[in-house]
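Novice: Listed below, chain by chain, are the residues.
Number of protein chains: 6
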Amino acid sequence: MPLIEVKMIEGVFTTAKKQEMITRLTDAMVAIEGESFRPYTVVILEEVRSGDWAFGGKSLTTADVHAIAEGKVA
Amino acid sequence: MPLIEVKMIEGVFTTAKKQEMITRLTDAMVAIEGESFRPYTVVILEEVRSGDWAFGGKSLTTADVHAIAEGKVA
Amino acid sequence: MPLIEVKMIEGVFTTAKKQEMITRLTDAMVAIEGESFRPYTVVILEEVRSGDWAFGGKSLTTADVHAIAEGKVA
Amino acid sequence: MPLIEVKMIEGVFTTAKKQEMITRLTDAMVAIEGESFRPYTVVILEEVRSGDWAFGGKSLTTADVHAIAEGKVA
Amino acid sequence: MPLIEVKMIEGVFTTAKKQEMITRLTDAMVAIEGESFRPYTVVILEEVRSGDWAFGGKSLTTADVHAIAEGKVA
Amino acid sequence: MPLIEVKMIEGVFTTAKKQEMITRLTDAMVAIEGESFRPYTVVILEEVRSGDWAFGGKSLTTADVHAIAEGKVA
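Chains as they are written, first to last, in my numbering: chain H, 11 to 84; chain A, 11 to 84; chain F, 11 to 84; chain W, 11 to 84; chain P, 11 to 84; chain E, 11 to 84.
I should point out that these hints are in silico values taken from the structure, not numbers from a laboratory. Misleading hints may appear alongside valid ones.
Which copy is meant is left open, so a pair is good if it fits within one copy or across any two.
As the list claims (entries may be wrong) - Okay, derived cross-link-like pairs now, PhoX-like style, lysine-lysine, Cα gap no bigger than 20 Å in a straight line:
#1 Lys17 to Lys68
#2 Lys17 to Lys82
#3 Lys82 to Lys68
#4 Lys27 to Lys68
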């Protein structure tokens, strides 16, 4: 405890970035709950297909996400 | 808010059908909660592998789902 | 198949509204997949506590959601 | 009701093992709730990518899981 | 690994039944994956409110579930 | 995108601690993906009942979690 499940669009984060994500999220959680919880802290990353995610009915593709990353989308 | 997560067997719905699913589910939710919630309404579609879904212990494959679609299964 | 899981903040929707939500989401899904899928279509509504939901790090309370509903939040 | 969702790392279980998993989990649940619940018992298996799972910030790969299976990891 | 999440309607299973559920589901999984996976096997039970679950658009209440348990529903 | 869902046992974290959790997890994610993703980053906290969580078939109660927090459990 706790369980941290992260859902994201596929093809956005590299393996190195995902490893960093696991480290940072685990550390963020341990900073709150205390170091004794570290071995109980589970992180699971789940990827969904490009386009299979929407805000307000508008699909986000992997390309859209890269555009957001580059600051091309408000 | 809210978050609508839809799980389905892979290979059943085309990209166009999935886009229509996002639109219809978002519209259905906005019809209840009010138009002001549209930008907060998130839809995520998740596909699982053929066979990795069961009712009453009986697996459903992509082929089974197509058979249901064609009305070949009660 | 499919499974539609909806997460929302508690205390926002009445029992009647939630029943309407189940009906509309089921109908939206059946409109896409075909009537033969109706008995296989599962909807589960899950409520989280007021404040236990955030966009961009900002918590949403039940009161915030009512304010959005009344159009008081952009 | 109920819904049993199982998450695991991809490439660990064969199709035959996953079918056995569905059977055993369904039977375990029916043993508790009663045989009349069998048709309502849903099992969904979901696979995440090798490395996308962590305990205490340490990633588990498909290879790690095979090592555990062989008793090479405490 | 793996993670077994079970969703059910609240007020159906007693604390003792839920403990039995955890034991049986863990044992079922370990029977497949091998005893060395036992410490990695996580079970989480989640309850949703009466009525917040539907098959084919028809809500299931806690009372409906008790009726199924007693064999009063086909 | 992304969605961070955190599951925990109820009664462990105060409202203030949960707000801190939202802030730290959002910041951890934004540190990886870039500031432009902040408004798209969703965090949902979900609490399950005391005892409804198990590692290796052993239930964790709220009391057990407090004992872990105090370093009384290895």
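Novice: Which of the listed hints are not met by the structure?
Specialist: 2
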